[in-house]
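Work the whole structure out from these sequences, hints included.
Going down the list, the protein sequences come from chains A and B.
Numbered according to the numbering used here, the first sequence spans residues 29 to 414.
Numbered according to the numbering used here, the second sequence spans residues 380 to 622.
These aren't lab readings, by the way, just hints derived from the structure by calculation.
On a predicted model such as this, the values are computed, not experimentally measured, just so you know.
Treat the hints with care, as some may be off.
What the hints assert, rightly or not - Just some of the chain B residues that point at chain A, by a computed CB distance under 7 Å:
#, residue
1, A521
2, T528
3, I536
4, P539
5, N540
6, V617
7, P619
To be verified - With a straight-line Cα cutoff of 30 Å, these simulated DSS-like cross-link-like pairs (lysine-lysine) come out:
#, chain 1, residue 1, chain 2, residue 2
8, B, K519, A, K147
9, A, K147, B, K615
10, A, K133, A, K219
11, A, K320, A, K358
12, B, K519, A, K31
For glycine and all other residues, C-beta sits at the position ideal for the given N, C-alpha and C.
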Amino acid sequence: MIKIDNLTKIFETPNGPVTAADHINMEVPEGEICVLLGPSGCGKTTTLKMINRIIPPSSGRVFINGEDTTGLNTVELRRNIGYVIQQIGLFPNMTIEENIAVVPKLLGWDSNRYKARAKELLELVALDPSVFLKRYPRELSGGQQQRVGVARALAADPPVMLMDEPFGAIDPINREVIQDEFLKMQQELRKTIMFVSHDIDEAVKMANRIAIFRGGRLVQYDTPDDLLAHPKDDFVESFVGDDRALKRLRLVQVSQVMEPVAVVKPSDSLQTALARIEEHGYSRAILMVNEKHQPIGYVSRSVAQTTKGLCGDHYFGLKATTSPSDDLRKVASLMFNHDTTWLPCTDEQGVLVGRVTQQGITHYLGATYQRDALNAQSPHLHQVNA
Amino acid sequence: MKKLRLTRYGYGIGLVLMFTLGILAEQYDVVDELFFYQEDVVYLTVQHIELVLISGGIAILIGVPLGTLLSRPRFARIAETAMQSLNIGTTIPTLAILALSMSLLGIGMLPAVFGLCIASLLPIVRNTYTGLLEVPDHLKEAASGIGMTAQQMLYRIELPNALYVIFAGIRTALAINVGTVPLAFLIGGGGLGELIFTGIDLDEPFMMLAGAIPTAMLAILADIVIAVLAFLIVPKGVNPLRT
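And the structure:
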């Protein structure tokens with residue numbers, strides 16, 4: 029857990045004092061990722077760097093796991109905080125193994141222990157130890173270097189990690205990959221992480237909580253979904269973007285909007301199919317499954333109306349399926365790709381578990397906005413009544 | 380292919396030239412003449428090497444710590460002034476430095492070593508200073524961010540990363556040093572300069588050559604030794620020679 033209490037930084041410049049961080053108060057619960065977000069010069073990096081005192085705070089306190097760090101020796105404090113920076117900062121004079129082992133060595137581990145640790149961590153960040161342990165940083169690509177940077181920060185198993193735009197210098201494709209790997213790692217490691225970013229998409233993807241900064245102040249501190257659904261003011265609203273509802277797609281899983289679905293079997297007649305289509309109010313088609321309840325295709329309304337025979341002889345192939353753990357962004361993209369308004373959902377065995385519709389998605393996302401609109405209207409209504 | 384053929388021609392011409400020189404040398408009894416001074420050459424070469432090693436060694440022992448000290452943040456204010464005055468120091472010709480140190484310390488080995496030291500100090504200090512300052516800030520931030528003390532940062536990060544530049548300074552310094560040692564004879568410091576200058580004075584070309592040839596060879600040797608040391612000592616990851 030990281031708790032920041034009235035943390036303030038005032039820089040003395042020739043043009044007078046500049047407040048870079050103004051009485052910041054926030055708390056990151058244990059095992060969560062908090063992304064500090066905002067335009068440049070908003071105080072997010074200053075706030076982050078005051079936690080490990082790369083920038084000494086002017087006033088205020090930082091608590092780590094309930095302990096006030098004010099009294100701690102700076103070197104001790106930093107050895108218990110993993111630190112990853114945008115420029116990566118691997119030491120070019122050391123091999124990858126030595127880079128990862130830097131902190132364990134400073135802590136006085138014996139060589140067998142830190143060597144084993146370096147190997148273990150390289151595996152954790154998806155680099156082959158037999159290939160990379162003895163290499164030098166300049167022999168690695170940017171993405172590989174940042175993986176090592178993360179491994180180095182994790183070396184002494186610190187409870188808390190600070191990351192200053194860690195994936196900012198990596199090309200978009202590799203960035204996605206590393207973000208995914210990092211999230212997977214975090215599910216096991218459960219570190220308390222503070223993460224600076226200026227990219228709202230990265231924040232929405234990585235964060236359990238997002239803190240929006242502006243002009244040295246903490247404007248809003250919320251979960252990504254709340255932030256996107258209820259931006260506190262115009263600044264936050266413009267910062268999260270006009271497409272904020274679309275960004276929420278990533279935060280919602282298919283299972284949250286999945287609905288039951290009626291099906292036909294290949295042995296059913298087209299009449300039965302038509303009857304079911306009418307019964308459930310489907311506009312265009314009904315899904316067909318095999319004996320194992322796996323979706324294999326669909327029977328269209330127009331065919332069922334004009335033709336006689338069995339469904340098994342008059343069906344169209346399936347365009348795409350989703351799984352309950354997919355996020356809605358992927359689903360929406362699939363729908364757009366295949367020009368369809370709904371998709372069947374299957375579990376790992378390919379067994380049908382339900383369907384997700386465009387209407388279901390818009391309804392789910394719209395629900396929070398409607399609630400807002402009602403809340404906004406109600407005082408007005410009261411006035412009218414009075 | 381073309382390049383290879385050209386180098387082959389080069390080697391061929393070189394061989395012919397050396398052969399011709401050999402014939403000429405044999406005709407004029409150069410080898411015999413030179414070997415006439417063998418005893419002197421050996422004695423003076425040893426003395427010459429001593430001068431280089433002692434003055435160069437002391438220059439390194441003073442120059443590297445001095446450059447390091449000047450690169451520390453608390454000396455930032457005076458560092459530039461100090462570097463400037465050292466820069467002005469280099470504009471003084473080495474012969475003048477020797478003459479000045481003679482007027483200060485008299486004649487003999489001591490003023491020679493002192494003068495040589497001063498002459499070769501600057502490149503070492505300057506390269507150590509700039510080498511350390513040029514270590515990227517993000518490396519220092521990473522180092523202090525993971526909890527290194529200033530001293531650990533200096534020895535584990537800054538010096539290893541500046542070492543190649545420091546070695547370049549030492550190489551320059553030694554080139555200056557080896558080139559100036561013959562002049563040490565003028566203030567009674569000894570060395571191969573004795574044969575060169577006496578040879579010139581007595582109009583004895585072979586005596587002069589007996590001093591000049593080993594001096595030239597020593598200069599090349601010193602350069603090779605430093606290059607090899609740089610190759611071996613500078614860490615592999617930051618050594619441009621070992622890619």
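Now the hints, each set against the structure:
1. A521: Hint holds; A521/B Cβ to chain A Cβ min 3 Å, cut 7 Å.
2. T528: Since chain A brings a Cβ to about 6 Å from T528/B, closer than 7 Å, the hint holds.
3. I536: Since the shortest Cβ distance to chain A is 6 Å, the answer is holds.
4. P539: OK, holds: P539/B within 7 Å of chain A, min 4 Å.
5. N540: holds, 5 Å
6. V617: At 5 Å from the nearest chain A Cβ, V617/B passes the 7 Å test, so the hint holds.
7. P619: Since the shortest Cβ distance to chain A is 10 Å, the answer is violated.
8. K519/B to K147/A: holds, 25 Å
9. K147/A to K615/B: Roughly 21 Å separates the two Cα atoms, so the pair holds.
10. K133/A to K219/A: Holds - the C-alpha atoms of K219/A and K133/A are around 22 Å apart, at most 30 Å.
11. K320/A to K358/A: holds, 26 Å
12. K519/B to K31/A: holds, 27 Å
Taken one by one, the earlier hints fail for this structure only at number 7.
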